[in-house]
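*Asks:* Chains A and B are the protein sequences, given in the same order.
In terms of our numbering, the first sequence has 442 at position 376, counting the first letter as 1, and numbering is strictly consecutive.
In terms of our numbering, the second sequence has 188 at position 122, counting the first letter as 1, and numbering is strictly consecutive.
Keep in mind that a hint or two might mislead.
The list makes no distinction among identical chains, and a pair is therefore deemed to hold if it is satisfied within one copy or across any two copies.
[As the list claims (entries may be wrong)] Pairs of lysine to aspartate or glutamate, EDC-like flavour, derived with a Cα cap of 20 Å:
| # | residue 1 | residue 2 |
| --- | --- | --- |
| 1 | K69 | E175 |
| 2 | K69 | D179 |
| 3 | K142 | E158 |
| 4 | K403 | E177 |
| 5 | K348 | D449 |
| 6 | K355 | D452 |
| 7 | K475 | D179 |
Rather than coming from a laboratory, the hints here were simulated on the basis of the structure.
Protein chains: 2
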Amino acid sequence: MIKPRTTPGVMELLPRDQIAFQRMLDVIRRNYERFGFLPVETPVFELSEVLLTKTGGETERQVYFVQSTGALDEFKDRVRNLRDPNEALAPELALRFDLTVPLARYVAEHEHDLAFPFRRYQIQRVYRGERAQRGRFREFYQCDIDVIGKDALGIRHDAELPAVIHAVFTELGVGPFTIQLNNRKLLRGFFEGLGIADGERQALVLREIDKLDKRGADAVRATLTGADFQLADDVADRIMAFVQVRSTSHADALARLAALGEGNATLAQGVAELREVLELLKAHGVPEKNYAVNFSIARGLDYYTGTVYETTLDEHPQIGSVCSGGRYEDLASHYTKSKLPGVGISIGATRLFWQLREAGILSTAESSVEVMVGLMDESRLADSLDIARRLRAAGINAEVQLEAKKLAKQFQYADRAGIRFVVLYGDDEATRGVVKVKDLRSQEQFEVAREELATALKVELEQQRAMGMR
Amino acid sequence: MIKPRTTPGVMELLPRDQIAFQRMLDVIRRNYERFGFLPVETPVFELSEVLLTKTGGETERQVYFVQSTGALDEFKDRVRNLRDPNEALAPELALRFDLTVPLARYVAEHEHDLAFPFRRYQIQRVYRGERAQRGRFREFYQCDIDVIGKDALGIRHDAELPAVIHAVFTELGVGPFTIQLNNRKLLRGFFEGLGIADGERQALVLREIDKLDKRGADAVRATLTGADFQLADDVADRIMAFVQVRSTSHADALARLAALGEGNATLAQGVAELREVLELLKAHGVPEKNYAVNFSIARGLDYYTGTVYETTLDEHPQIGSVCSGGRYEDLASHYTKSKLPGVGISIGATRLFWQLREAGILSTAESSVEVMVGLMDESRLADSLDIARRLRAAGINAEVQLEAKKLAKQFQYADRAGIRFVVLYGDDEATRGVVKVKDLRSQEQFEVAREELATALKVELEQQRAMGMR
Numbered sequence: 067m068i069k070p071r072t073t074p075g076v077m078e079l080l081p082r083d084q085i086a087f088q089r090m091l092d093v094i095r096r097n098y099e100r101f102g103f104l105p106v107e108t109p110v111f112e113l114s115e116v117l118l119t120k121t122g123g124e125t126e127r128q129v130y131f132v133q134s135t136g137a138l139d140e141f142k143d144r145v146r147n148l149r150d151p152n153e154a155l156a157p158e159l160a161l162r163f164d165l166t167v168p169l170a171r172y173v174a175e176h177e178h179d180l181a182f183p184f185r186r187y188q189i190q191r192v193y194r195g196e197r198a199q200r201g202r203f204r205e206f207y208q209c210d211i212d213v214i215g216k217d218a219l220g221i222r223h224d225a226e227l228p229a230v231i232h233a234v235f236t237e238l239g240v241g242p243f244t245i246q247l248n249n250r251k252l253l254r255g256f257f258e259g260l261g262i263a264d265g266e267r268q269a270l271v272l273r274e275i276d277k278l279d280k281r282g283a284d285a286v287r288a289t290l291t292g293a294d295f296q297l298a299d300d301v302a303d304r305i306m307a308f309v310q311v312r313s314t315s316h317a318d319a320l321a322r323l324a325a326l327g328e329g330n331a332t333l334a335q336g337v338a339e340l341r342e343v344l345e346l347l348k349a350h351g352v353p354e355k356n357y358a359v360n361f362s363i364a365r366g367l368d369y370y371t372g373t374v375y376e377t378t379l380d381e382h383p384q385i386g387s388v389c390s391g392g393r394y395e396d397l398a399s400h401y402t403k404s405k406l407p408g409v410g411i412s413i414g415a416t417r418l419f420w421q422l423r424e425a426g427i428l429s430t431a432e433s434s435v436e437v438m439v440g441l442m443d444e445s446r447l448a449d450s451l452d453i454a455r456r457l458r459a460a461g462i463n464a465e466v467q468l469e470a471k472k473l474a475k476q477f478q479y480a481d482r483a484g485i486r487f488v489v490l491y492g493d494d495e496a497t498r499g500v501v502k503v504k505d506l507r508s509q510e511q512f513e514v515a516r517e518e519l520a521t522a523l524k525v526e527l528e529q530q531r532a533m534g535m536r
Numbered sequence: 067m068i069k070p071r072t073t074p075g076v077m078e079l080l081p082r083d084q085i086a087f088q089r090m091l092d093v094i095r096r097n098y099e100r101f102g103f104l105p106v107e108t109p110v111f112e113l114s115e116v117l118l119t120k121t122g123g124e125t126e127r128q129v130y131f132v133q134s135t136g137a138l139d140e141f142k143d144r145v146r147n148l149r150d151p152n153e154a155l156a157p158e159l160a161l162r163f164d165l166t167v168p169l170a171r172y173v174a175e176h177e178h179d180l181a182f183p184f185r186r187y188q189i190q191r192v193y194r195g196e197r198a199q200r201g202r203f204r205e206f207y208q209c210d211i212d213v214i215g216k217d218a219l220g221i222r223h224d225a226e227l228p229a230v231i232h233a234v235f236t237e238l239g240v241g242p243f244t245i246q247l248n249n250r251k252l253l254r255g256f257f258e259g260l261g262i263a264d265g266e267r268q269a270l271v272l273r274e275i276d277k278l279d280k281r282g283a284d285a286v287r288a289t290l291t292g293a294d295f296q297l298a299d300d301v302a303d304r305i306m307a308f309v310q311v312r313s314t315s316h317a318d319a320l321a322r323l324a325a326l327g328e329g330n331a332t333l334a335q336g337v338a339e340l341r342e343v344l345e346l347l348k349a350h351g352v353p354e355k356n357y358a359v360n361f362s363i364a365r366g367l368d369y370y371t372g373t374v375y376e377t378t379l380d381e382h383p384q385i386g387s388v389c390s391g392g393r394y395e396d397l398a399s400h401y402t403k404s405k406l407p408g409v410g411i412s413i414g415a416t417r418l419f420w421q422l423r424e425a426g427i428l429s430t431a432e433s434s435v436e437v438m439v440g441l442m443d444e445s446r447l448a449d450s451l452d453i454a455r456r457l458r459a460a461g462i463n464a465e466v467q468l469e470a471k472k473l474a475k476q477f478q479y480a481d482r483a484g485i486r487f488v489v490l491y492g493d494d495e496a497t498r499g500v501v502k503v504k505d506l507r508s509q510e511q512f513e514v515a516r517e518e519l520a521t522a523l524k525v526e527l528e529q530q531r532a533m534g535m536r
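Isolated chain A, as found in the complex (with noise of 0.2 Å):
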């Protein structure tokens, strides 16, 4: 006997959960759509040449490598010749850690039957080797959307992107929400200003930044006055002023911009560029209370060089970003000599998911089935399929028993299981031409004409799903 286990770092879900989660997916999935995005899947492994483009990323030390059992024994044949036991060995096909590394590939590979700007839309899981750590998976879903242009693309695209965000989090029901937005370019210019003209300098100062939320605010003005960057006061104060700007509404996010003067080209550029981005969401609809500038958003430090966006619950600071990204200026260097310029926004749904029920946001959901018809008497089996045929043509889910059980086990069991309606027609029932119903949620009972049933539960369920909707 073996027992019966997962191995750590996955999220399984009983049903009912997985019926929870299935539901954000479909959001998530429905509002991508809405906007016009197209869906793509690409195979779980990809071969590791093609995917370990990069090396000594940190992700890409988290890789899983596949091998089939063919492979895997000639892997130990050349891992016993090998002559330096150091060389570098890997195996031929490796899972994907990301979706924008399989959407290089895909968009390079199939350019040609690819219409631009491509806007697509991946919902598949990922895979990382992380250390096993509560809340930290090493499977999990990423919900991603990307517009890809070929060789330039307008900055309005980096406008519609909060506005998918704004609809996917509204009909989520997660309470409220802040997309906050800034400027790679705003914020290289603004450390240029300052005299921090090196790169690599930025990076290290942006990094310090972003451990603001971590370590407070005078112990990160500290290191950056200390022996490691040796900035003068005033340029710290002026750092530290600069990176805790949030701004509180619409008109507040274009002062906090013109506050900024002229400063350099790229300042300036960065500034038109996120001011453009603001005046673009308004048309969109998306509320002012659901946006807000903020200057110590930096994102992936060598990846993102315009736009770059991050989503926090107003009520849950502690869960973070919720829902990441921006603007590369290049997709697909690796693979074609195609300039592929994007904009890009990923949910990771599993941690998202997780951190919703920790914070006690989502709950176990009610049952998809959506009707139990009952069986009292075992000569009514063909009528309960025929009830169940036509709740079914109807769009309702309905699960029919098979044996007549006591009916107090069968309700029972349909409470256990989340289900809201219990439908029975016995010999009484029969000659009454009637279905009785009853209602597990408020506990009501009543009666319907056979032929009306269907009718009958598809208005109590439409309001369920318009109310589900908010």
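For this one, chain A is given, so just place chain B on it according to the hints.
*Replies:* Frame of chain A; chain B shown alone:
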């Protein structure tokens, strides 16, 4: 520069094909949910020790092993230090090769948290290191449903699965199809009645019979009377007549069962079970043209013990079975002492999609983007965004042209992308308070008041969706 490419044996689709594939998965999922099946997802990798409980099966020789970078380094050291180079040494993790073993592990692991009969659906990819070959996939979707009982599971469940198959394939709109039914007890009893009582010998005969379609009746009969089997002529004749039985109607199916006579207890039980399944199929409202008794169906020889199913497309027999399954005695004997009988079916969606395209039954889908809001004049961008926002709020998938390119180019883009409606709102339309709509499918053009646009398009799109359901 690295050549962007995938490993052979995976199916990666361009967006419009991905949309068609996604719709197929959605139809399958929606129908599984309609019948009250609950979603389960399991991790892509399982502990090898848990996954590979049996040894030497073909499927297990095709398994993919998985190792994190760290685990791979350790593995190399262990390979180098092995005393006996033939000693078995397998990585800790392996990719699932079907959804049945993960289901067994899941049910055994979560036994006390599940309500039985446990009805689950699972739509995920599985992995097999097949030899590269046209139409063979190393990564493919399986769409499974199973009903698992505790200690016992009534035969009535066996009739529900063909009702699901009927609903799925009707909505998929792939033309006429037949659910072929048989029962392993009936088969076993029949062979025992011919004096072929040994289980292993039966299995060998059944394996020959499985080749009927490929080799033809004469060749199979010759094998049965030949040196390997040495069956008497009259026994071979009775087998050949038996396995060629295909019922032509519900009444004919019952008559075929009656014609088998009393026989032994095993045969009688198989006949009784199959008869009950047929009667319930009728109660489920499955039309008799969609099912038939076929005594040659045996399926997985070690695994199934009662009802077995295959599903074939009447006009495309070369495709073979598109949905198969059956009844098994005990799901998870490797993991738990509880007896867990079950019945299930599986649709191999990747292969099915590929075959339907090859057979010309499925074509590239229209886009999931239903409306493109064109941009005639830069000054109208905010209007475009507002028009799109209202369409999306009404549940319509809409994309906005963010640059006022030449109109011909915008139309060309929409046409190539498979978007049905283009909406235009320029100065002239603004003056009159209307929006211009072009239907790229019918090539018709009409105008509608700006505030009526969503309602008007919804009517058109609902008609399309209703037609798409057939």
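*Asks:* Could you work out which of the previously given hints the structure breaks and list their numbers from low to high?
*Replies:* none
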